[in-house]
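Engineer: These are the residues of each chain, in order.
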Amino acid sequence: MTDKKTIKIAVTALNAIDSPGPGVSVIRGLREAESFDVQIIGLSYESLEPGIYMHDLVDKTYQIPYPSSGTSALFERLRYIHEKEKLDMIIPNFDAELFSFMKLAPELDKLGIKTFLPTVKQYEEREKFNLPAFGEKYGFNVPESKAIHNIADLYSIGSTFDYPLVVKGKFYDAGIAYNIDQAKSYFNKISAKWGLPIIIQEFVHGTEFNVTGLGDGEGNTISAVPIRKQYITDKGKAWGGISISDKEMLDLTDQFISSTKWRGGFELELMKNKEGKFFILEINPRIPAWVYLAVGAGQNIPEALVKLAMGMNPKPFSDYAVGKMFIRYSWDMIVDLEEFQQISTYGEL
Amino acid sequence: MKIKKNVAISDSGFIFNPDTGESFSANPIGMEMLEMLRDGMDYEEIRKNILDKYKSEKDTVEKDYNDFITMLKQYNLIENDGQKDD
Amino acid sequence: MEKLRYERPLIRKLESDMPNKFGSRTEFLPKTHIDGIAVKDLINDYGSPLFVISEKNIRETYQSAKKAFTTRYPKIQFAWSYKTNYLSAVCNVFHQEGSWAEVVSGFEYDKALANGVSGKKIIFNGPDKTEDDLRKAITNDSLIHIDHLDELYTIIELADEMKQKPRVAIRVNMDTGVYPIWDRFGFNYENGQAWDALNKIMRSGKLELVGLHTHIGTFMLTAQAYGTAAYKLADLAIGIRNRYNHKIKYIDMGGGFASSNTLKGAYLPGTDTNPTFDDYAEAITSALINSDFEPGNLPLLILETGRALIDDAGYLLGSVISNKRLSDGRRNTIVDVGVNLLFTSFWYDHKITPAREFTHYVEDTVLYGPLCMNIDVIRENVSLPLMNKGDQFVIHSVGAYNLTQWMQFITLRPKVVMIGSDGKPYLIRESESIESITAYEKMPEHLKSFKL
Ligand SMILES: Cc1ncc(COP(=O)(O)O)c(C=O)c1O
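Protein chains in written order, with the working numbering: chain E, 19 to 367; chain R, 2 to 87; chain S, 29 to 480.
Hints were generated in silico from the structure; no laboratory data involved. Ideal Cβ placement from N, Cα and C applies to all residues, glycine included. A portion of the hints provided could be inaccurate.
Derived list of chain E stretches under chain S, where covered just means 3 residues or more per stretch with a C-beta under 8 Å from a C-beta of chain S [stated by the list, open to error]: (1) 221–233; (2) 241–253.
Pairs of lysine-lysine, DSS-like flavour, derived with a Cα cap of 25 Å [what the hints assert, rightly or not]: (3) E:Lys164 / S:Lys352; (4) E:Lys333 / E:Lys22; (5) R:Lys64 / S:Lys292; (6) E:Lys121 / S:Lys292.
Using the sequences and the hints, build the whole thing.
Structural biologist: Below you can see the structure in the form of structure tokens.
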């Protein structure tokens with residue numbers, strides 16, 4: 019045990035709530051890594067992110083400024099944390115913060131902090147409003163999508179889209195609208211929270227599948243695990259899912275990784291229509307919250323991600339257990355007020 | 002004007018109201034005012050203490066004090082005994 | 029004992045939310061000096077509110093833009109877009125740096141001439157050039173960018189009458205993948221209007237076709253749109269060469285580069301996300317270099333960059349008038365700067381910082397101007413330190429469009445100061461007086477007197 023190297027990794031998205039961030043699942047994967055030991059530094063935005071209080075998983079947590087404060091504020095804070103903690107690596111897990119971390123990656127590298135993130139080009143190409151161009155360039159079926167900046171544009175898109183259509187936020191949130199009034203209401207709701215643009219997407223009928231995986235940035239698939247979500251909450255989040263063996267989905271994932279040379283973790287949201295054709299609905303440029311199912315099925319994606327970042331050349335996974343399930347549950351922790359006070363007044367716990 | 006007795010005020014600027022479960026934070030001058038209110042000082046005394054210690058003016062302190070009290074009331078941190086002593 | 033600095037007392041409820049776009053963009057780091065001069069002294073000497081322009085910043089920004097292009101392309105010319113900021117002192121900094129003038133009205137044209145720009149180095153854009161404007165431009169041998177067919181016919185007639193060969197270009201609009209398309213200006217590329225206008229020019233034999241122009245929009249957040257536009261103009265230029273054996277001299281890509289401001293509704297700040305000069309330059313020059321121009325024979329590349337060159341050089345200084353609470357308990361702060369001076373607050377979440385040190389305690393505030401109108405909002409939600417009456421602040425990146433689109437409404441417009449490269453302040457525009465407004469009014473005889 020002692021001959022294993024200890025790596026100090028900072029992880030974000032500790033909000034293991036009903037619409038969970040991936041941080042806690044990523045950390046569980048890291049804690050179970052066979053090739054190294056870890057010390058985990060949590061990075062939180064809010065004082066009630068549950069991960070902050072999970073001391074068996076997270077050694078210490080620091081609050082960091084919101085992405086909307088700009089990269090210079092974020093960098094200052096990370097530098098302070100690094101001075102105290104001497105981080106080896108950061109794994110950011112929120113869509114909304116990825117861009118900032120991608121921008122900072124070279125600066126962080128100079129401090130000796132590794133990341134393993136997609137390139138800005140990869141990140142932008144797969145943005146929801148670029149999906150049609152992405153599909154055309156790499157040869158994937160994708161739904162028609164368009165970015166709009168103005169609620170009035172909902173009237174003019176009628177010629178391209180039939181109802182129902184999907185109204186999506188730039189980072190998060192989506193709703194299915196069956197008429198223009200519903201579309202308007204989603205536009206207002208989502209743009210108030212996540213800003214503009216709003217993405218209007220063709221609604222594809224069928225069965226939804228998901229794949230999580232890891233690309234090495236050279237076009238090779240390090241990991242790929244397809245699942246079907248079995249239970250979806252009213253927030254659209256999986257509460258149960260099962261790993262499946264679908265050759266076509268694995269081929270599609272390989273094709274995605276090799277054609278884009280995808281670097282880092284990702285999640286593909288897929289829809290299989292009645293004719294059996296797969297559509298890519300969304301490409302999330304980070305590890306999903308249900309990644310622990312992949313770990314449980316034999317592919318420890320967080321561990322492999324760290325190895326990629328640290329130059330430890332992970333071997334591509336060749337197999338995983340089919341029919342493994344995850345069933346999520348909620349768990350009430352008992353926390354002393356002092357701890358909450360500590361993180362909310364000093365930003366550290 | 003009295004701060005509710007069971008409201009917990011810690012040196013770090015963290016305030017907890019056990020009646021409602023709400024927590025708050027205050028800046029250093031806010032903390033000082035809270036402490037003075039808790040010690041039962043009236044407005045005149047509080048103003049004098051603030052003006053002795055800080056560069057400011059009577060009007061400014063009065064306006065800010067009143068605004069601060071409004072917020073304390075809004076947050077239910079003030080004893081609701083109907084008395085009005087400012 | 030020295031008394032301590034006062035700050036208003038603050039108590040804030042701790043709320044837990046997931047991060048969203050209203051997550052505080054905390055702006056408590058003070059901006060105490062501009063180019064070495066204390067904000068406090070500037071306000072003391074020139075009053076509040078006050079526009080301040082940094083000559084040093086203009087020159088540095090210009091040089092970095094120029095370098096982005098000259099390192100990638102052999103022939104570059106900037107033309108200062110007058111409408112962005114036509115204070116003569118500002119224009120002349122650009123002219124000293126080597127910029128030509130780009131104007132869109134007879135007024136701007138005369139201003140450029142008065143500043144000493146030679147007619148040959150004035151680019152005349154816009155849909156509303158009067159016959160007199162055109163005569164003047166033809167006489168001075170200026171570069172006339174034709175916007176529509178009626179203008180084209182007028183110029184052909186004038187050429188006949190004046191026995192001169194006007195130098196012209198056409199403005200082209202096109203689909204660059206960014207919507208809406210600015211297709212109300214110029215001739216469309218995709219539907220053949222542009223070719224139609226070019227054929228009319230070439231067949232008339234009366235005009236000298238010297239260039240092709242486009243201006244695809246303003247505050248463009250994707251550099252690639254410029255690549256598409258440059259490619260389409262290059263395609264037209266090569267078509268003209270093949271069809272008429274005529275080589276155009278320049279391609280003018282217009283303006284539209286984003287400044288560092290943050291658009292309303294954007295989640296991340298503009299400083300992080302907006303493309304850089306290098307990004308734009310890479311897109312434009314690689315499209316031109318990879319087109320079918322012979323390598324030794326590339327056309328001159330003209331840029332009419334406006335806001336990206338001047339926005340960051342402009343500051344608006346102001347003072348807090350009062351703090352209040354809205355009926356819902358939210359803090360609001362009234363300042364002496366309104367939308368009459370800061371037109372761009374309709375589009376941007378301008379960065380605002382205090383002019384002196386404060387503690388790190390902040391409060392979410394609605395920032396209102398002093399106009400008696402509900403639209404007078406400078407920032408709908410900003411996290412500011414605990415500023416009180418009389419405290420001064422600095423609004424950043426206001427150099428573009430505000431000093432041309434400002435309104436004289438219920439009050440007079442303030443002074444504008446330029447801090448020279450020598451570090452000294454120069455008054456470049458006086459504040460208005462009541463006479464500056466009433467001097468233009470006329471009173472009918474029967475309204476001159478009244479009894480109350
Ligand atoms: C023809 C033309 N050129 C240049 C500009 C300057 O544009 P910007 O300030 O966006 O760079 C404008 C502005 O509208 C314009 O209309």
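Engineer: A separate judgement is required for each hint: does it hold in the structure or not?
Structural biologist: Comparing the hints with the structure gives:
Counting residues of the segment 221–233 of chain E whose C-beta sits closer than 8 Å to any C-beta of chain S gives 0, which falls short of three, so the coverage hint is violated. Requiring three or more residues with a Cβ within less than 8 Å of a Cβ of chain S, the coverage given for the segment 241–253 of chain E is violated, as only 0 such residues are present. A C-alpha spacing of about 42 Å is found between Lys164 of chain E and Lys352 of chain S, which places the hinted pair above 25 Å, so the restraint is violated. Note on Lys333 of chain E and Lys22 of chain E: the hinted pairing holds, with a Cα-Cα distance of about 18 Å set against a maximum of 25 Å.
Taking the CA atoms of Lys64 of chain R and Lys292 of chain S, the gap is about 33 Å. The hint is violated against a cut of 25 Å. Taking the CA atoms of Lys121 of chain E and Lys292 of chain S, the gap is near 22 Å; set against the 25 Å cutoff, the hint holds.
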